[in-house]
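Chains A and B supply the protein sequences, listed in that same order.
Our numbering applies: residue 52 is where the first sequence begins, and numbers increase by one.
Our numbering applies: residue 46 is where the second sequence begins, and numbers increase by one.
Read the hints as simulated data drawn from the structure, not as lab findings.
Where a beta carbon is used, it is the ideal one built from N, C-alpha and C, also for glycine.
A couple of the hints might just be wrong.
[Claimed, not checked] Which stretches of chain A does chain B cover? Using the computed rule of at least three CB atoms under 8 Å from a CB of chain B, they are:
no., stretch
1, 59-72
2, 78-87
3, 123-134
[To be verified] Below are the DMTMM-like pairs computed for lysine to aspartate or glutamate, each with C-alpha atoms no more than 25 Å apart in a straight line:
no., chain 1, residue 1, chain 2, residue 2
4, B, 170, B, 84
5, B, 170, A, 206
6, B, 172, A, 149
7, B, 169, A, 127
8, B, 114, A, 70
9, B, 172, A, 206
10, B, 163, A, 84
11, A, 202, B, 173
12, B, 163, B, 56
13, B, 269, B, 84
14, A, 128, B, 117
15, A, 119, A, 70
16, A, 172, A, 127
17, A, 86, B, 173
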Amino acid sequence: MEKGTEKAWDILKDLTDPELPFLTLDDLGVIREIKRNDKNHVVTIAPTYIGCPAISVIEEKIASELKKIGISPIIEKSFSPPWSSDWISENGRKKMEEFGISPPHPRKAETIGDPLLKDVKCPQCTSYRTEKVSEFGSTACKSLYRCLDCKEPFDHFKCV
Amino acid sequence: MKSNTADMVFEGLLRIADDNLILGHRTSEWCGHAPTLEEDLALPNIALDLIGHAQTLYCLACEINSRYKNEDQLAFLRLEHEYKNLLLVEQENGDFGNTVLRLFCFSTFMKYFWERVKVNCCFKKLKEFSEKAFLETSYHSRYASQWVVTLGDGTDESNLKMSNAISNLEPFLGELFNNDDFTEMCSQNNFLPEPTSIFDSWKNEVEAILQKGNLNFPDIILKKRGGRKGEHSEAFGYLLSDLQYMQRAYPNSSW
Numbered sequence: 052m053e054k055g056t057e058k059a060w061d062i063l064k065d066l067t068d069p070e071l072p073f074l075t076l077d078d079l080g081v082i083r084e085i086k087r088n089d090k091n092h093v094v095t096i097a098p099t100y101i102g103c104p105a106i107s108v109i110e111e112k113i114a115s116e117l118k119k120i121g122i123s124p125i126i127e128k129s130f131s132p133p134w135s136s137d138w139i140s141e142n143g144r145k146k147m148e149e150f151g152i153s154p155p156h157p158r159k160a161e162t163i164g165d166p167l168l169k170d171v172k173c174p175q176c177t178s179y180r181t182e183k184v185s186e187f188g189s190t191a192c193k194s195l196y197r198c199l200d201c202k203e204p205f206d207h208f209k210c211v
Numbered sequence: 046m047k048s049n050t051a052d053m054v055f056e057g058l059l060r061i062a063d064d065n066l067i068l069g070h071r072t073s074e075w076c077g078h079a080p081t082l083e084e085d086l087a088l089p090n091i092a093l094d095l096i097g098h099a100q101t102l103y104c105l106a107c108e109i110n111s112r113y114k115n116e117d118q119l120a121f122l123r124l125e126h127e128y129k130n131l132l133l134v135e136q137e138n139g140d141f142g143n144t145v146l147r148l149f150c151f152s153t154f155m156k157y158f159w160e161r162v163k164v165n166c167c168f169k170k171l172k173e174f175s176e177k178a179f180l181e182t183s184y185h186s187r188y189a190s191q192w193v194v195t196l197g198d199g200t201d202e203s204n205l206k207m208s209n210a211i212s213n214l215e216p217f218l219g220e221l222f223n224n225d226d227f228t229e230m231c232s233q234n235n236f237l238p239e240p241t242s243i244f245d246s247w248k249n250e251v252e253a254i255l256q257k258g259n260l261n262f263p264d265i266i267l268k269k270r271g272g273r274k275g276e277h278s279e280a281f282g283y284l285l286s287d288l289q290y291m292q293r294a295y296p297n298s299s300w
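Chain B on its own, in the form it takes in the complex:
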């Protein structure tokens, strides 16, 4: 692989892996705290899937960039500005409704993202991975969509909480679909799809589910951004100190 291609693939893998790791970590915070026992099984299972996706992608990234010797180094030993995840995934969980709504928005986006990678991606290992990742993110999207409808179409209180969750997450949704120089280069090189190209499929599905739950689809415009450049929100520092604690306190520890 040429060095500029390698740089592109490495950065692209990091962006996706970081999104999955950070949302996986947030989702895992529900372990032992979910409203019912069933959801206490479901959310950590999803967290495990997301962290598993991140792990596989970090391993691919390590094969490309010899500066990092294993996936743990990438996951646990980078500094805050070296993480390239979306601001959306690092925000605090809020209530259960806010958590499932964010999961629905993100996994629906990833479902269509992997669907496109499956069809067109110059990096063979990622193309192969996308076949499996597509199936799993579809499952997450479906699980979360059922809760969005149930809570939106539930009581006045649950509907209000879901409406609040939409207002709460809305400023962060624009970043999902934000093209930048890097995403344009990825798409020109047939590596990754442009985020804007996913918007219509995503909107159709999200709008239909919100409608079923008597909820309004928000305006999606670019408001808060910075994650892709390593500029994070306050919540991220607290998250990292928790996520990185073991490797910082006991470097190179393993199971």
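Just chain A, same shape as in the assembly:
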């Protein structure tokens, strides 16, 4: 953490994601860096998906929260390195499961082109007898699964 950015981190760490309101942006690893130049704070965020419609809402939230403590930030998007589901914190993964979303697998080299290779656990009954229904779930970052034991459908956060 760069010196003089503690206040900004402090206020941004509790901001929640508009599409996954039980997770903070910090849990998701979306806020990458806060730097200071002469006049401004520069906040770098890594979009989970390039076309994620939540991004503009996130930018507005960051700006309005920082404005409260007298900072008008420059917000920059970063695609390199691309956002990875490995950046989701342990706590974030736990919260996801509690809210019925199966968290992503850790990314390993061999799973890059094929992120759904691994077994997926049902967040309702913990069974591994599950099957993929669709590559895309309710948002671009999730795919749709169903449990063959408890029969419940559920979202699985994609491994990217």
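Fit chain B to the supplied structure of chain A, relying on the hints for placement.
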């Protein structure tokens, strides 16, 4: 950036952005009409990705050319001949099979395109963007390939529909791999890869998937072209009138 370099980067960004915007718009037409609920989620999600790619690229283009003040101006307020997208992406969707086959052909091309930009591109912001774009286009290609195999290897009727889709799209595939003076300049300046350099990787993958679906790989020769010069087919005018309606009727409107 020198002015002739800026012109090159601007035009190059427009070509890619326009392809993504127009295919994104076509794909979004499926919203509420897909054959199953799952596909009704999948196709608009892909449309969102494609339009997101276009938006980011238009923003980069606006940074370079001050004539356009924001991405909406580029997306919604240009005239027909100012769009530089391929004829392939502007064609009507046809049936679901035709839609997924076109998506497969295009996203497989873009996957290899971004893979090359990742390795070599003099424009740093595009090089960074390509890392993320590569992952997303790979996902689209894989999604679409599964449908191509499922439908091709399905019933006699679904196989026939996929064969028809191949005949239908075949005249437009050559333009994907067409080098022109501009693409040669881009490649000489280490900006973008030459389209022909992508052909072999693309063919290997597309041919293997078609074979799995008991479908024949078509002859790819240059037949219909013009999109890169702003010469479009009839379908494009109807598409634009729909795409541009809000900004034309309510200029500068925003959310």
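Checked hints:
no.	hint	result
1	59-72	violated (count 0)
2	78-87	violated (count 0)
3	123-134	holds (count 7)
4	B:170 with B:84	violated, 33 Å
5	B:170 with A:206	violated, 33 Å
6	B:172 with A:149	violated, 38 Å
7	B:169 with A:127	holds, 15 Å
8	B:114 with A:70	violated, 30 Å
9	B:172 with A:206	violated, 32 Å
10	B:163 with A:84	holds, 23 Å
11	A:202 with B:173	violated, 42 Å
12	B:163 with B:56	holds, 19 Å
13	B:269 with B:84	violated, 30 Å
14	A:128 with B:117	holds, 18 Å
15	A:119 with A:70	holds, 23 Å
16	A:172 with A:127	violated, 36 Å
17	A:86 with B:173	holds, 20 Å
Violated hints, in rising order: 1, 2, 4, 5, 6, 8, 9, 11, 13, 16; the structure is consistent with all others.
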